[in-house]
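Input sequences plus hints: build the corresponding full structure.
Protein chains in written order, with the working numbering: chain A, 71 to 353; chain B, 71 to 353; chain C, 803 to 1104; chain D, 803 to 1104.
Be careful, since some hints might not be right.
Stated by the list, open to error - DSSO-like, lysine-lysine: derived pairs with alpha carbons at most 30 Å apart:
no., chain 1, residue 1, chain 2, residue 2
1, A, K343, C, K918
2, D, K954, D, K891
3, D, K1070, A, K106
4, C, K1070, A, K343
5, A, K334, C, K891
6, A, K213, A, K197
7, A, K213, A, K282
What the hints assert, rightly or not - Derived coverage of chain A by chain C (criterion: at least 3 residues anywhere in the stretch with Cβ under 8 Å from a Cβ of chain C; other residues may be distant):
no., segment
8, 81-90
9, 111-123
10, 298-306
No lab work stands behind these hints, which were simulated from the structure alone. We treat Cβ as the ideally placed atom computed from N, Cα and C, and that holds for glycine.
Residues per chain are reported as follows:
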Amino acid sequence: MTLLGSPISIDKIRIVKIIKEKIEVTGIKSLFFKDKLCYDANPGQFLMVWVLGVDEVPMSLSSIAINNLSSITIAKIGDATNKLHSMTLGDRFGIRGPYGNGFKLIDGKALIVGGGIGLAPLMPLTKELIKKGVEFTLIAGAKTKATLPFKDTINTLQKNHEVCVTTDDGSYGTCGTTTDLVEDYLTKKRFDMVYTCGPENMMWKVFQIAEKCKTLVQASLERHIKCGLGLCGHCVIDPLGLRICKDGPVFSSEVLREATDFGKHSRIPNGRKIPIGKVKTFK
Amino acid sequence: MTLLGSPISIDKIRIVKIIKEKIEVTGIKSLFFKDKLCYDANPGQFLMVWVLGVDEVPMSLSSIAINNLSSITIAKIGDATNKLHSMTLGDRFGIRGPYGNGFKLIDGKALIVGGGIGLAPLMPLTKELIKKGVEFTLIAGAKTKATLPFKDTINTLQKNHEVCVTTDDGSYGTCGTTTDLVEDYLTKKRFDMVYTCGPENMMWKVFQIAEKCKTLVQASLERHIKCGLGLCGHCVIDPLGLRICKDGPVFSSEVLREATDFGKHSRIPNGRKIPIGKVKTFK
Amino acid sequence: MPNLMVDLAGLKLRNPTMLAAGVMGISSSLMRRVAKAGAAAVVTKSIGVEPRLGYSNPTVVAVRCGLINAMGLSNPGIRAFTNEIMLLKQFKVPVVASIFAGNSERFSQLAQYVEKAGANAIELNVSCPNVEGVSQICQDTSLLFKVVEAVKSVTSVPIITKLSPNVTDIVHVAKAAEEAGSDAVTAINTVRAMAIEIETGRPILANKIGGLSGPAIKPIAVRCVYEISRALKIPVIGCGGVTCWQDAIELLLAGAKAVQIGTAIKYKELGIFNEIVSGIKKYLEDRGYRKVDDIVGLSHQY
Amino acid sequence: MPNLMVDLAGLKLRNPTMLAAGVMGISSSLMRRVAKAGAAAVVTKSIGVEPRLGYSNPTVVAVRCGLINAMGLSNPGIRAFTNEIMLLKQFKVPVVASIFAGNSERFSQLAQYVEKAGANAIELNVSCPNVEGVSQICQDTSLLFKVVEAVKSVTSVPIITKLSPNVTDIVHVAKAAEEAGSDAVTAINTVRAMAIEIETGRPILANKIGGLSGPAIKPIAVRCVYEISRALKIPVIGCGGVTCWQDAIELLLAGAKAVQIGTAIKYKELGIFNEIVSGIKKYLEDRGYRKVDDIVGLSHQY
Ligand SMILES: Cc1cc2nc3c(=O)[nH]c(=O)nc-3n(C[C@H](O)[C@H](O)[C@H](O)COP(=O)(O)OP(=O)(O)OC[C@H]3O[C@@H](n4cnc5c(N)ncnc54)[C@H](O)[C@@H]3O)c2cc1C
Ligand SMILES: Cc1cc2nc3c(=O)[nH]c(=O)nc-3n(C[C@H](O)[C@H](O)[C@H](O)COP(=O)(O)OP(=O)(O)OC[C@H]3O[C@@H](n4cnc5c(N)ncnc54)[C@H](O)[C@@H]3O)c2cc1C
Ligand SMILES: Cc1cc2nc3c(=O)[nH]c(=O)nc-3n(C[C@H](O)[C@H](O)[C@H](O)COP(=O)(O)O)c2cc1C
Ligand SMILES: Cc1cc2nc3c(=O)[nH]c(=O)nc-3n(C[C@H](O)[C@H](O)[C@H](O)COP(=O)(O)O)c2cc1C
Ligand code: FES
Ligand code: FES
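Spelled out as structure tokens, the structure:
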């Protein structure tokens, strides 16, 4: 432990330049930049992204050190994400992190379930699993074809892995929801781990199915992040007092079972707890 | 470089206990203590010794890590040194350091010239020279037999080394001053380095003789030390702007030649420069 | 075995460590976790009458020797927060409710609310360095006097006034709090500070100026605790940069009866509480002290 | 090649770095060495009318993020010190004489002395945090006004007022200095602080309380410079915890026209000056700025 954050600690804001950009679909864009501290990041970790003069918001790493570039992939939701979408090559933003625990790699066979922008942290996860030789099936869902990001990567993965795409309206892949498919897979095949990220109600359903099928889950949750340092407490999940930014964002089944807030309650920026349906989310 | 002094930096005050004491002669006493940071000290380095509630004063290490104990040897002069003399086994004082540059070890043959309490930093020097296999002659002087410290060590050294003791009154060793002997030795034999510590006028004379005989000198000087960190500037030697506590206390001939203050001027605690004869010294 | 218990003007603590205000204090679950980790009491996030969004992000920036924060007193408002206090009481966690307001009426209103909800003590945040109306209170001793007096007259739990180092004479302010009836004081809140990002030239915090906490301010906290505890009769709670047990001992020796810990959680996570409690215990034990009070203010004799 | 020259209210500097008061400033030889190492000007140790012994040792204690010192304004008195200033002038080192006193008469007397000796500017130390009579001046704006006005009326070199962060409202104090005719201000002097040795329970400094300097106080200095430079027309010299060129840039962006460096010399020796000057130069160069002034106060626009 370094007691005093040295100038190169992950907590120091680094200003990075956009070196590459990619519009995934309308409203979802990836920005690539170079940052040494991201080289050692784990899939599932996030950055605090300082959108100069606007806000500082959490964003998962959607790729890690590919040809020295890492990326975030942004769904256009409000002030900060709009501003990020308006930015282009050479423009700058600040980052600190990577923060949080990230996904724990397992041996065996994995089921990966992502919904919409929730696919972002799962993309580098697939890369790591491949590196480790872990077999996996990917279920990627979105409302429509027009909102499914990472189509290129998904297509590439399809060559060597089982990949199912679903859209609510059937405009791409099969018609239905990811959870329908999850139920199918988990009842028919044996998986050692389900990795999931997406809208919280989706993840909650995935978790229920997995529990029924006695399969472990790692889910990446989301709450309002202020400090990102584990101090302010705004990102807490009751009743265990777990902080998304420090104890998470990825939680495993043992924890999810006790986390009664999961799928139910969230806190708005002033710290008040409200039913999750009432929280304006980005998904 | 550690930018921020960590809690184990040499600048942090450590409270040490007196584990052994030794009265060298009336008015000169050695106190032994255990301190890890002293293990790597160089002969000639000094500690800032915090005499609780009294003062903080510089003291050379008179032995370094012998059976894990190091020591300072104190001439009784004023408040702080009186208090140190009154202390006994189990009593505590604070130390920080070791500070300063210490003596640089040479190859070849050395002449060591110490006067009175000035022998203190030279004792661990003899040990290092022996370890390194450097031949040396020791000239140890004092006013009278009753004021010559380190007699035991000097006697032991005598077995394998040329050792000359002089006293002003002839009560021990030969009668005369160290400088008489230095002149003798340097004109008759070839030495590669003269190491000296003692009253400044003695060191100044030694330096003059050595210059005449084209022999290099390392002299350990003394000025009023306040911060010991190289910041306050109180310990300066003009006109080079050398700080005893940081650039010294040991200076070599190249520097001494330019240091017109040497042997001539010193600063009193308020920073005023006065002729050296007028400074009340501890010797 | 030394006794680690401390009596803070009637607030009984099983050891001298507390969670500092505004750190993790937004939910009962987190505060309960902190208590389980060893803290004898928790101070809540500062709560106001109405819900408050606070400043936008960045609200915190890490600097070389600590953190600067300008949360802007974001809080869900007293009505929503009452529930968290009641939950804490269920779990038997001693809770100090931190409250803030712009005037004595609202302070009194808040105090009554949190006392009813079960708060064991109340800390008056009159020292937030970066919110208009709140930072001013501790700069105006007559206003401060009024606030403390008003709260005191409507409550029966111990009242703790949290002091700011951003004043010319903190002893003067502390005395006003004492005279007005405060049962204890906490020293110190954060020190006004700022960080600018040099690539862009921009102040990092959305509010530009914030409050410095962490190791950087410990020597300032030691000085404040020393000065105040020599001048006051009521107990002082030390706060500011405590990052290891040695820091906690230093504040106790300076005159604090207990210490609060905030920023250090960033460096050492919740293990910090046990680390400090064990450290204090061993320190007392090794030197034959029987209780924490034996070392409180020991430095005053010199 | 950017131009590093800075004009500080008539004091011309070849680059924006200066040696801070009280560090090495006791002898012309050391100050000359500092100038050779790259500092554009040196500020002397604060000098009073009479010789002064200062406090006994320990006068300095290292803490985790800096130093606390209580030298007690030890100095040889103006008569003895005049010689050092004259020597510096011989070596053509721009010298800012720092002076202190308890009242405006003695300040004026000292100012005339040092101007006659050749000082290029005068810094009024009205902010030493631990000497009775001196620390009070910057806490009493009407006294401060009198001092600055008096000095101004008897001298023709630029007058710089050195400000203390140990006040409730530093901008208020800075404005008083400006209105009284100060040509520039330096912000900040050290922050009142203390360290206690825990084995013995003793305050370490002989004077118990001292002033905190070094990395710990840089965020406080940035805040003060930012606040003052936005409110004043006269130039601000930034000081406090500058330990690398990035710190210097941060202070310039905050609104300082130049920076003073003290404690960092302990960490990096005199090489710090060149390191900072080169860093500033490269920063300007890389971004196409032509002169230091181009970035002074750039953060104000946000
Ligand atoms: C760990 C984590 C990882 C995330 N990864 C991604 C990602 O890879 N891609 C992506 O597009 N989005 C991601 N998000 C969500 C993203 O942070 C929000 O979409 C973004 O903050 C919206 O900011 P805004 O200013 O555009 O919206 P606003 O107009 O400010 O708010 C719109 C909604 O966005 C959410 N939001 C706003 N601020 C925050 C905040 N500080 N923390 C959390 N949610 C906030 C809230 O639900 C809010 O109601 C992640 C969130 C978390 C917690
Ligand atoms: C690098 C260095 C190494 C030294 N090593 C030894 C040693 O090994 N043994 C030893 O007995 N003495 C040593 N001294 C001298 C010793 O520091 C003084 O004798 C001691 O400080 C006297 O303190 P006092 O309170 O007893 O005397 P005081 O009554 O305070 O003063 C008496 C005289 O002691 C000297 N003195 C006092 N304070 C200081 C100070 N802070 N720095 C330097 N000199 C001071 C002055 O000449 C003063 O006039 C060393 C000095 C220096 C600079
Ligand atoms: C993120 C953060 C939020 C804080 N919020 C509050 C608050 O709401 N009320 C308050 O009185 N103090 C608040 N503080 C100040 C702390 O309670 C404490 O006084 C200060 O941080 C110094 O202690 P530390 O160095 O241990 O953190 C906050 C500090 C931090 C770091
Ligand atoms: C040992 C020491 C002595 C100081 N003496 C003085 C002084 O005599 N007059 C003065 O105005 N400031 C004095 N200061 C304060 C510095 O000039 C400066 O304002 C402060 O140390 C902050 O800068 P830094 O962090 O770069 O050291 C002294 C500082 C130190 C560390
Ligand atoms: S966002 Fe502050 S604790 Fe997680
Ligand atoms: S004693 Fe302060 S510089 Fe040497």
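Status of the hints after comparison with the structure:
no., hint, result
1, K343(A) to K918(C), "21 Å, holds"
2, K954(D) to K891(D), "22 Å, holds"
3, K1070(D) to K106(A), "27 Å, holds"
4, K1070(C) to K343(A), "28 Å, holds"
5, K334(A) to K891(C), "24 Å, holds"
6, K213(A) to K197(A), "25 Å, holds"
7, K213(A) to K282(A), "26 Å, holds"
8, 81-90, "holds (count 4)"
9, 111-123, "holds (count 4)"
10, 298-306, "holds (count 8)"
The structure fails none of the hints (numbered hints given earlier).
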